[in-house]
Amino acid sequence: MTIPILGTLSGRKLVTDLQSFGLQIGEQTGGIARKGGAGPSDHKTITIAGQTVMVPVYTSGARRSPFQASPPDQSGTSTLLRDGQTLGTIHFPRAPRFYGLSTADGIPYWKIALLHGRDTLATTVHQTCIRYADRRTSCQFCAIGQALEADRTIAYKTPAQLAEVAKAAVELDGVRDMVLTTGTPNVIDRGAAVLAESARAIRAAVDLPLQVQCEPPRDHGWFQRLRDAGADSLGMHLEAATQAVREKIMPGKATVSVDRYMDAFASAVPIFGRGQVNTYILAGLGDSAKDILALAERLIAIGVYPFVVPFVPISGTPLENHAPPSAEFMKSVLAPLGRMLREANMKSTDIRAGCGRCGACSSLSAYEQ
Numbered sequence: 001m002t003i004p005i006l007g008t009l010s011g012r013k014l015v016t017d018l019q020s021f022g023l024q025i026g027e028q029t030g031g032i033a034r035k036g037g038a039g040p041s042d043h044k045t046i047t048i049a050g051q052t053v054m055v056p057v058y059t060s061g062a063r064r065s066p067f068q069a070s071p072p073d074q075s076g077t078s079t080l081l082r083d084g085q086t087l088g089t090i091h092f093p094r095a096p097r098f099y100g101l102s103t104a105d106g107i108p109y110w111k112i113a114l115l116h117g118r119d120t121l122a123t124t125v126h127q128t129c130i131r132y133a134d135r136r137t138s139c140q141f142c143a144i145g146q147a148l149e150a151d152r153t154i155a156y157k158t159p160a161q162l163a164e165v166a167k168a169a170v171e172l173d174g175v176r177d178m179v180l181t182t183g184t185p186n187v188i189d190r191g192a193a194v195l196a197e198s199a200r201a202i203r204a205a206v207d208l209p210l211q212v213q214c215e216p217p218r219d220h221g222w223f224q225r226l227r228d229a230g231a232d233s234l235g236m237h238l239e240a241a242t243q244a245v246r247e248k249i250m251p252g253k254a255t256v257s258v259d260r261y262m263d264a265f266a267s268a269v270p271i272f273g274r275g276q277v278n279t280y281i282l283a284g285l286g287d288s289a290k291d292i293l294a295l296a297e298r299l300i301a302i303g304v305y306p307f308v309v310p311f312v313p314i315s316g317t318p319l320e321n322h323a324p325p326s327a328e329f330m331k332s333v334l335a336p337l338g339r340m341l342r343e344a345n346m347k348s349t350d351i352r353a354g355c356g357r358c359g360a361c362s363s364l365s366a367y368e369q
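Mapping of the sequence shown onto the UniProt record's numbering: position 292 corresponds to residue 292, and the numbering continues sequentially without gaps.
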């Protein structure tokens, strides 16, 4: 029995289930993994019927998942099982070639930027945040400091380093876009300045679409500066849909209210274009499906793409024992959201760069079809 092609009802269901339950794997599975740090963490990249997605494997929930993967063969192909019953085959992509290179001063390229999904390069320019060290202000799901503590990255990636790695990733591995995110270094530009500097250096070295991600800067003039520096799209991530959940889960970040985000979105969309401003929403933090969809409707109306992904509890964070959303909950959000995006003619395939274009952390793109 082969796995149905993603985009059919059964294919969407399988990916949604996998991302909710996680996947049990062996210790020597290999492939591309993402453990700790900012962004999608405790995941491994797999390919199902030609679609590359990121699935939780290092979480406590994944160790109890009904899905298991057999040890892969030399090509990375593995058998996918559910409760011991064979579903079909999956593939663990090999690490990209640029991972084998280092800078002149000996820093491995993979400590500077990582491959996400099939062909998206991603980096956290500042691997620190003014809120992270104090649990009274930190985002309770965040593990931005873990990769640094484990020596899997460096604290600050210079523009020259980012340009060098981006050029190699394009030439050696066919990378098609890049995400530049950052921990929040201050409450004024909130990282926009370092992102603009980085984007300018990368675009001078290689023709690569870029998404920059930060909290809304106080001065909305930064949106035009980021665009002028070479950013093709912008991510400003609400993380949760309602102010009450934001204040509970991310007390520091919640001081920048939902209303202030909406004002920033309204300023940014005319500069980057409709659908080229995105926000990341973690389903499962406490918002109801109705809350998420109500916010999504507001966002779509002003031209912002709401990228909804299932929350994944990361080991070592205050929310490590917080249950991820059920597959049924995710489908109750993604199915109507997919219809809303389709009716608005706002699709992930039209995003020039970023998380929405990559789509590996959510099955949302399949519900757009």
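For the record, the hints were derived by calculation from the structure and aren't laboratory data. Treat the hints with care, since some could be wrong.
[To be verified] Think about it this way: if two alpha-carbon atoms lie no more than 30 Å apart in a straight line, the pair counts; the simulated BS3-like pairs of lysine-lysine are:
1. K347 - K167
2. K248 - K331
3. K290 - K248
4. K290 - K347
Right, here's what the structure says about each hint:
1. Annotation: proposed proximity of K347 to K167 holds, straight-line Cα distance about 28 Å (limit 30 Å).
2. Note on K248 and K331: the hinted pairing holds, with a Cα-Cα distance of about 25 Å set against a maximum of 30 Å.
3. A hinted pair counts as satisfied when its Cα atoms are at most 30 Å apart, and K290 with K248 qualifies at roughly 19 Å.
4. At most 30 Å may separate the alpha-carbon atoms for a hinted pair to count; K290 and K347 meet this at roughly 21 Å.
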